[in-house]
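> Chains as they are written, first to last, in full-length UniProt numbering: chain A, 1 to 195; chain B, 1 to 195.
Calculated from the structure, these hints are not laboratory results.
Among the hints, erroneous ones may be present.
Treat identical chains as interchangeable: a pair holds within one or across any two.
Below, in silico cross-link-like pairs of lysine-lysine (DSSO-like), each with a Cα-Cα straight-line distance of 27 Å or less [as the list claims (entries may be wrong)]:
1. K194 with K113
2. K113 with K32
3. K32 with K194
There are 2 protein chains.
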Amino acid sequence: MSTSTTIDVPESSNIKGKTTLVAPPRPGGWKKGMAIMDFILRLGAIAAALGAAASMGTSDQTLPFFTQFFQFEASYDSFTTFQFFVISMAIVGGYLVLSLPFSIVAIIRPHAKGPRLFLIILDTVFLTLATSCGASAASIVYLAHNGNQDTNWLAICNQFGDFCAQTSGAVVSSFVTVVILVLLVVMSALVLGKH
Amino acid sequence: MSTSTTIDVPESSNIKGKTTLVAPPRPGGWKKGMAIMDFILRLGAIAAALGAAASMGTSDQTLPFFTQFFQFEASYDSFTTFQFFVISMAIVGGYLVLSLPFSIVAIIRPHAKGPRLFLIILDTVFLTLATSCGASAASIVYLAHNGNQDTNWLAICNQFGDFCAQTSGAVVSSFVTVVILVLLVVMSALVLGKH
């Protein structure tokens with residue numbers, strides 16, 4: 001598309017560190033702005049991911065009536081999918097915290113491609129993890145709300161209203177994480193593409 | 001990271017098309033190889049996505065016994081999640097078919113960044129779509145296989161064995177699509193990052 005030719009001129013290593021030739025000053029500022037926005041979005045994603053894990057992990061409701069043999073209780077570890085959700089969102093949150101130093105390096109050195117490349121690849125992997133646990137939890141929450149006639153799975157949200165509200169909130173929070181991660185990948189791709 | 005300085009030399013437009021100055025011949029070949037691999041992986045992803053949609057869309061099993069009022073039948077449209085799966089995987093397959101021309105452009109012009117940038121952004125979006133529908137279908141398939149004690153949802157795979165096998169196959173096929181899309185995004189990022 002671009003009709004410009006790129007010629008690589010290797011710097012001699014003894015003048016390195018003193019005279020750094022930054023040819024166009026404006027694109028650097030644009031990249032720095034993107035890197036700062038990347039950092040801020042990452043903070044939001046950390047909050048959303050850890051909030052989702054905490055909200056799902058503390059979901060627990062015991063009904064006020066019980067029979068001789070049963071006490072009716074719903075908690076996140078009734079569902080394998082919800083356990084997966086808590087573990088995955090905690091992992092995604094942990095990754096996002098650990099990625100903050102790389103994001104800071106990208107702010108300090110907006111022209112370095114290493115940190116960006118590292119971040120876009122790992123962001124893509126953890127985007128997949130966050131999406132899969134969010135979507136699988138969403139399908140269970142949908143079943144809990146609506147049930148399924150054909151398989152005779154009854155909706156449980158009439159009884160366990162608080163449990164359903166809390167798990168639904170966790171799913172929404174995980175989708176916020178997913179949206180932010182998609183934005184992070186797209187922004188990194190734009191910065192890598194325009195040079 | 002790299003200690004080389006990049007100088008953009010705009011070509012004059014009247015010699016364009018005749019004398020294309022390709023300075024380093026080896027990186028171009030490496031990029032061309034990646035572009036060809038991108039195209040081949042894309043073909044595999046198309047097969048996996050359309051196979052998943054077709055396999056799920058044709059899943060239908062009627063049990064050989066029936067009562068006066070009921071005939072026991074399971075098909076993909078018993079589950080809202082499976083309907084979402086069929087529609088989403090068909091959309092992902094359609095996108096991948098439409099993305100083939102851009103992949104071919106990337107083979108012909110390995111140094112052009114436009115098609116790569118276009119592909120990596122849309123690949124990320126459709127990766128999210130494919131992951132979400134695959135994961136939500138997986139959680140329903142898991143429930144159909146194992147049921148859930150606490151909510152009294154019974155496993156249906158004892159009765160509907162063929163139905164379960166076919167939907168499980170569709171989920172596995174969707175995960176193949178997801179893995180290929182992750183590879184495509186990572187490869188595009190590497191090509192955009194190393195210049």
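> None of the hints should be skipped; say for each whether it holds.
Cross-check of the supplied hints:
1. Taking identical chains as interchangeable, the C-alpha atoms of K194 and K113 lie at most 27 Å apart whether they share a chain (12 Å) or sit on different chains (8 Å).
2. Taking the closest pair of Cα atoms, K113 and K32 come within 27 Å of each other both inside a single copy (13 Å) and across two copies (21 Å).
3. For the identical chains of this complex, K32 and K194 are neighbours both inside a copy (13 Å) and across copies (20 Å), given an alpha-carbon limit of 27 Å.
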